[in-house]
Amino acid sequence: DVVLTQTPVSLSVTLGDQASISCRSSQSLEYSDGYTYLEWYLQKPGQSPQLLIYGVSNRFSGVPDRFIGSGSGTDFTLKISRVEPEDLGVYYCFQATHDPWTFGGGTKLELK
Amino acid sequence: QVQLQQSGAELTKPGSSVKISCKASGYTFTSYDISWIKQRPGQALEWIGAINPGSGGTGYNEKFKGKATLTVDKSSSTAFMQLSSLTPEDTAVYYCARGYYGGYSYYFDYWGQGVMVTVSS
Numbered sequence: 021d022v023v024l025t026q027t028p029v030s031l032s033v034t035l036g037d038q039a040s041i042s043c044r045s046s047q048s049l050e051y052s053d054g055y056t057y058l059e060w061y062l063q064k065p066g067q068s069p070q071l072l073i074y075g076v077s078n079r080f081s082g083v084p085d086r087f088i089g090s091g092s093g094t095d096f097t098l099k100i101s102r103v104e105p106e107d108l109g110v111y112y113c114f115q116a117t118h119d120p121w122t123f124g125g126g127t128k129l130e131l132k
Numbered sequence: 447q448v449q450l451q452q453s454g455a456e457l458t459k460p461g462s463s464v465k466i467s468c469k470a471s472g473y474t475f476t477s478y479d480i481s482w483i484k485q486r487p488g489q490a491l492e493w494i495g496a497i498n499p500g501s502g503g504t505g506y507n508e509k510f511k512g513k514a515t516l517t518v519d520k521s522s523s524t525a526f527m528q529l530s531s532l533t534p535e536d537t538a539v540y541y542c543a544r545g546y547y548g549g550y551s552y553y554f555d556y557w558g559q560g561v562m563v564t565v566s567s
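Line by line, the protein sequences are chains F and D. My numbering puts the first residue of the first sequence at 21, with every later residue one more than the last. My numbering puts the first residue of the second sequence at 447, with every later residue one more than the last.
Since the hints were derived computationally from the structure, they do not count as laboratory data. Where a beta carbon is used, it is the ideal one built from N, C-alpha and C, also for glycine. Please note that the accuracy of each hint is not assured.
To be verified - Here are the in silico distance ranges between beta carbons for each label pair:
1. Thr34(F) <-> Lys511(D): 40 to 50 Å
2. Gly54(F) <-> Gly505(D): 13 to 23 Å
3. Asp119(F) <-> Tyr550(D): 14 to 24 Å
4. Ser101(F) <-> Gly502(D): 23 to 33 Å
5. Leu35(F) <-> Glu508(D): 38 to 48 Å
6. Arg86(F) <-> Met562(D): 29 to 39 Å
7. Asp85(F) <-> Gly512(D): 39 to 49 Å
8. Lys511(D) <-> Leu35(F): 44 to 54 Å
9. Gln449(D) <-> Ser90(F): 26 to 36 Å
10. Gly549(D) <-> Ser48(F): 12 to 22 Å
11. Gly505(D) <-> Ser48(F): 13 to 23 Å
12. Ser40(F) <-> Met562(D): 28 to 38 Å
Assemble the whole structure, with the sequences as input and the hints as a guide.
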């Protein structure tokens, strides 16, 4: 199975700071069709996960432009340019390139 | 608006089975896959498998073959997951999520609220 390793596991920030989360894959996530099926989800406390980024760098409807996804192959990054209170929770990367589809272990974004 | 409404919490005994549901509304049920995702307390998410409501075709994470069985009832726009031979390791929140294939991406755009399944003697 493809292993997605997220770092850091926990990230303490001050409101307004930039935050950066890494997701490294044990295999390239570029599919045979040339596309990369890598997404980012945020799970706020007590809620279901919600989609932030799809296809590496595309923001889902309603997601603020302070969320930026980037990367290719095996290395991917989610940056939050100015952390706001509603951004706190656990972030997961997810790949749908290889069967079985897998999630990363999660990164908890919390306030200092 | 798109909604996935899941059934209520379950308390079950080891060795038993449980069937949970996910009722879809606000879209054409047969046009999108439904995936099921497991989250043990304080743990990360695990993809269990997916079903195509139109064809009934399924795909499972090998880890959950024999444990989870996915079905749908098109007449009620409801997806089901049956979990069998339950053990305490099956204690978790189970989410259903709609899978959207956009030609160059695949993602879960709508999620149910989750069902807590507790396995305890």
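Now for the hints, and whether the structure bears them out:
1. In this structure the hint that threonine 34(F) and lysine 511(D) lie 40 to 50 Å apart at CB holds, the actual value being about 46 Å.
2. Evaluation of the 13 to 23 Å hint for glycine 54(F) and glycine 505(D) yields a pass: the beta carbon distance comes to about 22 Å.
3. In this structure the supplied range 14 to 24 Å holds for aspartate 119(F) paired with tyrosine 550(D), their Cβ-Cβ distance being about 18 Å.
4. One distance hint, 23 to 33 Å for the beta-carbon pair serine 101(F) and glycine 502(D), is violated here, with the actual separation near 44 Å.
5. At roughly 43 Å, the beta carbons of leucine 35(F) and glutamate 508(D) sit within the given window of 38 to 48 Å.
6. Separated by about 33 Å at the C-beta atoms, arginine 86(F) and methionine 562(D) satisfy the suggested range of 29 to 39 Å.
7. The beta-carbon spacing between aspartate 85(F) and glycine 512(D), approximately 45 Å, falls within the hinted interval of 39 to 49 Å.
8. At roughly 45 Å, the beta carbons of lysine 511(D) and leucine 35(F) sit within the given window of 44 to 54 Å.
9. Separation of glutamine 449(D) from serine 90(F) is about 32 Å and conforms to the stated range, judged on CB atoms against 26 to 36 Å.
10. Under the hint 12 to 22 Å, the C-beta atoms of glycine 549(D) and serine 48(F), about 20 Å apart, fit the expected range.
11. As the Cβ distance of glycine 505(D) to serine 48(F) is approximately 21 Å, the hint placing it in 13 to 23 Å holds.
12. Our hint of 28 to 38 Å for serine 40(F) and methionine 562(D) holds, since their Cβ atoms are close to 33 Å apart.
When held up to the earlier numbered hints, the structure conflicts with hint 4 and nothing else.
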